[in-house]
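In order, the protein sequence lines correspond to chains A and B.
For what it's worth, numbering that gives the first Met the number 0 labels the leading residue of the first sequence as 0, then goes sequentially.
For what it's worth, numbering that gives the first Met the number 0 labels the leading residue of the second sequence as 0, then goes sequentially.
Source of the hints: derived by calculation from the structure; they are not laboratory data.
Predicted model only: the values in this text are computed from it and were never measured.
Treat each hint with caution, since some may be false.
[Said to hold, decoys possible] Footprint (simulated), chain A over chain B, 3 or more residues, beta carbon under 8 Å:
1. 143 to 150
2. 299 to 312
[What the hints assert, rightly or not] Computed list of chain B residues with no C-beta within reach of chain A, every gap over 10 Å:
3. 50
4. 67
5. 77
6. 115
7. 137
8. 188
9. 378
Backbone N, C-alpha and C define an ideal beta-carbon position, used for all residues, glycine too.
Protein chains: 2
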Amino acid sequence: MDISPLRPVNLELSGDRIHATYRVSGDAARADAVLAQLVVEQTIEFPPELVPDDDIREHIVGRVESIQRLGDHLTESSVSYAAEVAGGQLPQLLNVLFGNISMVPGVRLTDVELPSSFIEGLRGPRIGLAGLRARFLPQGGPLLATALKPMGTPVDALARMAYDLARNGLHLVKDDHSFADQPFATFRERVPVLAAAVERANVDRGEEASVYLPALNLPSDRLQDGMEVALEAGAGGVLLLPGLVGWDTMRALAESVPDGVIIMAHPAFLGSHVTDPTSGLSHGLLFGTLPRLTGADVSIFPNHGGRFSFSPEACTEIADACRAELPGVAPAFPAPGGGMSVERVAEMVAFYGEDVCLLIGGNLYRGDIATQVQRMTNAIEELQ
Amino acid sequence: MDISPLRPVNLELSGDRIHATYRVSGDAARADAVLAQLVVEQTIEFPPELVPDDDIREHIVGRVESIQRLGDHLTESSVSYAAEVAGGQLPQLLNVLFGNISMVPGVRLTDVELPSSFIEGLRGPRIGLAGLRARFLPQGGPLLATALKPMGTPVDALARMAYDLARNGLHLVKDDHSFADQPFATFRERVPVLAAAVERANVDRGEEASVYLPALNLPSDRLQDGMEVALEAGAGGVLLLPGLVGWDTMRALAESVPDGVIIMAHPAFLGSHVTDPTSGLSHGLLFGTLPRLTGADVSIFPNHGGRFSFSPEACTEIADACRAELPGVAPAFPAPGGGMSVERVAEMVAFYGEDVCLLIGGNLYRGDIATQVQRMTNAIEELQ
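Generate coordinates for the entire structure from the input sequences, incorporating the hints supplied.
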């Protein structure tokens, strides 16, 4: 028997707990062993037998609250952690929920319930689904979004497209997420010109019907500067890429903007968290809950039946997670995209309901842009 | 036939190309279809038939350079991209390499070759393997590292441990990666006290044998401040968590420190990129190449045979990627950890060679810390 060098520790804790649900693959014995590892791994990461009978053992080590066998090779468990372990900080919250255990195969984080003390520290979506609906959709119907493409196109040609898209009723005209700061269209050249093109379309249309959202796909140490360039140019929102900049950078950027600036989240580089159904995070957490917690008013994800292979069930889960009640956090618009077309408008609205942002990109360029956007808005009017 | 609204574009490009290797699961027809999607998806994300016969089609769309069938259900392909697509920026590089295609199952990024024009924009490891060896290991042997644990321990008790660990010859004494900014040991309380404890041990030992590395596990908007606190306190390095703060934030932080400050990377929250062998990134890229490109002098990963389930082959791949020649980027120390013990020292050095950082955590606390560290250093001396 080893003699631990640790002395017993007394801690003052609130009693607030973070609740997480995990699915563990493998037979019951493997699942139980993984759960026993998980509650230690995600907290003290220390041989538990060396911890004295103290508040660390009692409260800091995670607790398996329940175990349910969903089948011979699948176990679902609710685990709780003391709120203080996360310290009210998002990176450490993600670390506690899935930091080390992400490296153990067959463990999937499927749900999280945060204490209000943690939620209160986050702003969440500032405009959210209701705010966007009030601003753009007083007559009902889905929100319409598109991406300026393709990469390599000169700024003046992009500006003509942006004007045509906005002039014809697209609400959110965003940069393709691959518009970074490339020599063929630098960020500082591109953003003011495209913001002006959308604003000119609004003037010509006689209403503030469209917003331009530049992609803030920039190096970490240039994000704040990029945000200032975007806001000074009059961009009404920004596209953020949490898979590339980190979830907490997205949170901080979203918190930094003035009221009324729309935050749209793009899923680039996040796929590995969901493609293997036995590991990673659930689709709803990754593309619904996390974007909301970090301030997304609109969360983009690949629709089923497009170029990706998300199932209808996964898409429903995402849309539900975007819109479900979450005390203290406003709902966001789910924005299914990825190979969508005008022809799918009716089906997508039937599937998701009206509280959806239809993101249609390259397929709007099949012929004259104005004609294609008109076909899209006509398809939506026919649904009313 | 749709009439494209795009006019042909001429671009001035350097001819430099980024080369990436992908493995695609599924039969040859599926693999070829995925590769045809990939070169478009990762660049213009636009219906290719609508792109005129111009420089975008010719140079911006990725190119399948070679296809090799590794079996009936596995294809390896080399794909190249114009360097300008990444714009010399790391987030956009990651986006081009794996942004959208991460959401398609059965695609794994296994290798990357960057043009020198891109590499020149990165600092890479500033001290690196050779620098750490010259500083700590003039007599040869592996580098020794440990983590202060467990979370919940008061600062004064952590300081006693830090002193004991440094006093007895541990080179790198880092915070447990879960030390964030919690009420039981806030960052500002903890870091100066632990830095002072390690410095006191160095004074008592009569040599600068040890460095304290606080975990910079902080919210995005407090990282710079945390770095300043750490440097002012005299910490000789920092532990960064790219899975939580983002790779480019790590790069920017690592570039911001004065010469001589050690950068150690921790793998928390990165596991989903590697646990499914058919998707994500290769172990070598994720825990070797990427940490090096973003400035890690030491890269932590779970050793085989520990609490995680990385294979010996995966560990070799990581160690090789940490140490392999990469023009313009210094080699880094691979640091296998995760349930390591004094008993495994000889085996680990035999497996990895001397150019390894042995990261032993909780198992140093089995009895008196000084005795355990002495057992470890004795085990290493016996190998010489």
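Evaluate the condition: distance from the CB of residue 50(B) to the nearest CB of chain A exceeds 10 Å. Label violated. Min Cβ-Cβ 6 Å, cutoff 10 Å.
_According to the definition I'm using, a residue is off the interface if its beta carbon is farther than 10 Å from all beta carbons of the partner; does residue 67(B) meet that for chain A?_
holds (23 Å)
Between the region 299 to 312 of chain B and chain A, see if three or more residues pass the 8 Å beta-carbon test, and mark the coverage as holds or violated.
With 5 residues close enough to chain A, the hint holds.
Task: Verdict on residue 137(B) as a residue remote from chain A, using beta-carbon distances over 10 Å - done: holds (31 Å)
Looking at residue 188(B) again, its CB stays over 10 Å from all of chain A? It holds; residue 188(B) is separated from chain A by about 13 Å at its closest Cβ, greater than 10 Å.
Problem - residue 77(B) and chain A, when compared Cβ to Cβ, separated by more than 10 Å - result: holds (21 Å)
Non-interface claim for residue 378(B), where every Cβ of chain A lies beyond 10 Å: Residue 378(B) is indeed farther than 10 Å from all Cβ atoms of chain A, at 17 Å.
If I take the minimum Cβ distance from residue 115(B) to any residue of chain A, is it greater than 10 Å? holds (17 Å)
### Message
Is the listed coverage of the region 143 to 150 of chain B by chain A valid when you require three or more residues with a beta carbon under 8 Å from a beta carbon of that chain?
### Response
With 4 residues close enough to chain A, the hint holds.
This entry does not satisfy hint 3, going by the numbered hints stated previously; all others are met.
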